[in-house]
Amino acid sequence: MRVVSPLLKNAVFPGLAKLGYLRRRNGAGPAILTYHGILPKDYKMIDPDLDGSLVSADSFRRQLRLLKNQYNVISPQQFLDWCEAKQDLPPRAVLLTCDDDLRNTLTEMVPILQEHELSCLFFVTGASLGALPAMLWYEQLYLMLLAVREDIALDLHDGFQARSRTLPEKRRVWWSLVRHLSQFDAAERRTLLDEVQAQLCLNDAWSTQVLTGPLRCRFLMLNVAEVRSLMAAGMEVGAHTLTHPLLSQLPPEAAWTEIAESRARLEQVIGRRVWALAYPFGDTASATEREREMAERAGFSCAFLNVGGGFGAPMPRFALPRVHVTGEMKLGEFEAHVSGFYRSLRQRFQRPA
Numbered sequence: 001m002r003v004v005s006p007l008l009k010n011a012v013f014p015g016l017a018k019l020g021y022l023r024r025r026n027g028a029g030p031a032i033l034t035y036h037g038i039l040p041k042d043y044k045m046i047d048p049d050l051d052g053s054l055v056s057a058d059s060f061r062r063q064l065r066l067l068k069n070q071y072n073v074i075s076p077q078q079f080l081d082w083c084e085a086k087q088d089l090p091p092r093a094v095l096l097t098c099d100d101d102l103r104n105t106l107t108e109m110v111p112i113l114q115e116h117e118l119s120c121l122f123f124v125t126g127a128s129l130g131a132l133p134a135m136l137w138y139e140q141l142y143l144m145l146l147a148v149r150e151d152i153a154l155d156l157h158d159g160f161q162a163r164s165r166t167l168p169e170k171r172r173v174w175w176s177l178v179r180h181l182s183q184f185d186a187a188e189r190r191t192l193l194d195e196v197q198a199q200l201c202l203n204d205a206w207s208t209q210v211l212t213g214p215l216r217c218r219f220l221m222l223n224v225a226e227v228r229s230l231m232a233a234g235m236e237v238g239a240h241t242l243t244h245p246l247l248s249q250l251p252p253e254a255a256w257t258e259i260a261e262s263r264a265r266l267e268q269v270i271g272r273r274v275w276a277l278a279y280p281f282g283d284t285a286s287a288t289e290r291e292r293e294m295a296e297r298a299g300f301s302c303a304f305l306n307v308g309g310g311f312g313a314p315m316p317r318f319a320l321p322r323v324h325v326t327g328e329m330k331l332g333e334f335e336a337h338v339s340g341f342y343r344s345l346r347q348r349f350q351r352p353a
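Counted from 1, the sequence shown has number 289 at position 289 by the numbering used here; the numbering is strictly sequential.
Any given hint might turn out to be false.
[Unchecked claim] Ranges between beta-carbon positions, derived for each pair:
id: 1; residue 1: Arg149; residue 2: Thr191; range: 24 to 32 Å
id: 2; residue 1: Gln87; residue 2: Glu267; range: 43 to 51 Å
id: 3; residue 1: Met45; residue 2: Gly15; range: 39 to 47 Å
id: 4; residue 1: Ala225; residue 2: Lys18; range: 38 to 46 Å
id: 5; residue 1: Gly15; residue 2: Asp194; range: 31 to 39 Å
id: 6; residue 1: Arg61; residue 2: Tyr21; range: 20 to 28 Å
id: 7; residue 1: Arg65; residue 2: Asp194; range: 43 to 51 Å
id: 8; residue 1: Lys18; residue 2: Glu267; range: 41 to 49 Å
id: 9; residue 1: Lys330; residue 2: Ala28; range: 35 to 43 Å
id: 10; residue 1: Gly213; residue 2: Thr191; range: 25 to 33 Å
id: 11; residue 1: Arg149; residue 2: Tyr21; range: 29 to 37 Å
[Claimed, not checked] Taking lysine to aspartate or glutamate and the EDC-like style, the derived pairs with C-alpha atoms no more than 20 Å apart in a straight line are:
id: 12; residue 1: Lys68; residue 2: Glu115
id: 13; residue 1: Lys86; residue 2: Asp58
id: 14; residue 1: Lys170; residue 2: Asp49
id: 15; residue 1: Lys41; residue 2: Asp51
id: 16; residue 1: Lys68; residue 2: Asp58
id: 17; residue 1: Lys68; residue 2: Asp51
These are calculated hints, taken from the structure and not from any lab test.
The beta-carbon is built from N, C-alpha and C at its ideal position, and this holds for glycine as well.
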């Protein structure tokens, strides 16, 4: 698949889409899509690994037009009723979701959804339940590493050590830190992040640029008033844990708190039932059977992964697969994912373990 990927992206997928083959596939639905926000106008991409999960406004409009013309985009309430066996879904049903509660979801994404008279299920973390906007801690960490042009040498008080000289090495250090810091509660994680900042010789003004102009809408998260504005615009809200850790790295009690308390606090703030959870990072390694059992026990009706989506995918209620829409997806590739063709092709060529 890696060898033929450019051929698939640039020739095979567009050709099959143009012929109508992808939309004629008969895989059972629904197909669930997940976005992570819209690139704000005038924002210049800093790094493809950092910004690649956000799509442009033009791409989003093209994708919505395709979905409205060729598929049946359903509301979150219709999906919930289907989950609870209260109603059937129309053929070729597609649900829109969005993770990470970035401010641009309200300023850039919601107006486009309203243009097309569509609704979306937005997943928010505990950071968006306060009055002051915050940043995703793992994006803040990535930006700190990028801000240092010299070689990096970290030696944290808990024993974590890392060295990096090149950008690929920085990315590996970043992911190692994400896994490592996910083991701790929010207070200890904050302490370790402050220690990373100090060892990188970054003063408190390093993030000033991030908090101004287009960068502000790219990196800042919603506050509680803005979450309520999402709902007032006709959108649905679900939980995305309290602090967005890799849940599988946490001890059981801490993982339970992240899942159960996120639902309880969000319900208290918005004053209505919270029935859906999206697992942070969302692959099968970060959301294991333990986390799925916790999601069910916490009272959610369903929970979502971030992988494996498209028509024809198995649909376990607490490990619902989604298509992760990325910024580099062209329309043919997008439809290949929605139709399930990409997933089935990948499974066919996947090497046995």
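Non-conforming hints, listed in increasing numerical order: Of the numbered hints, 2, 3, 5, 9, 11, 13, 17 do not hold.
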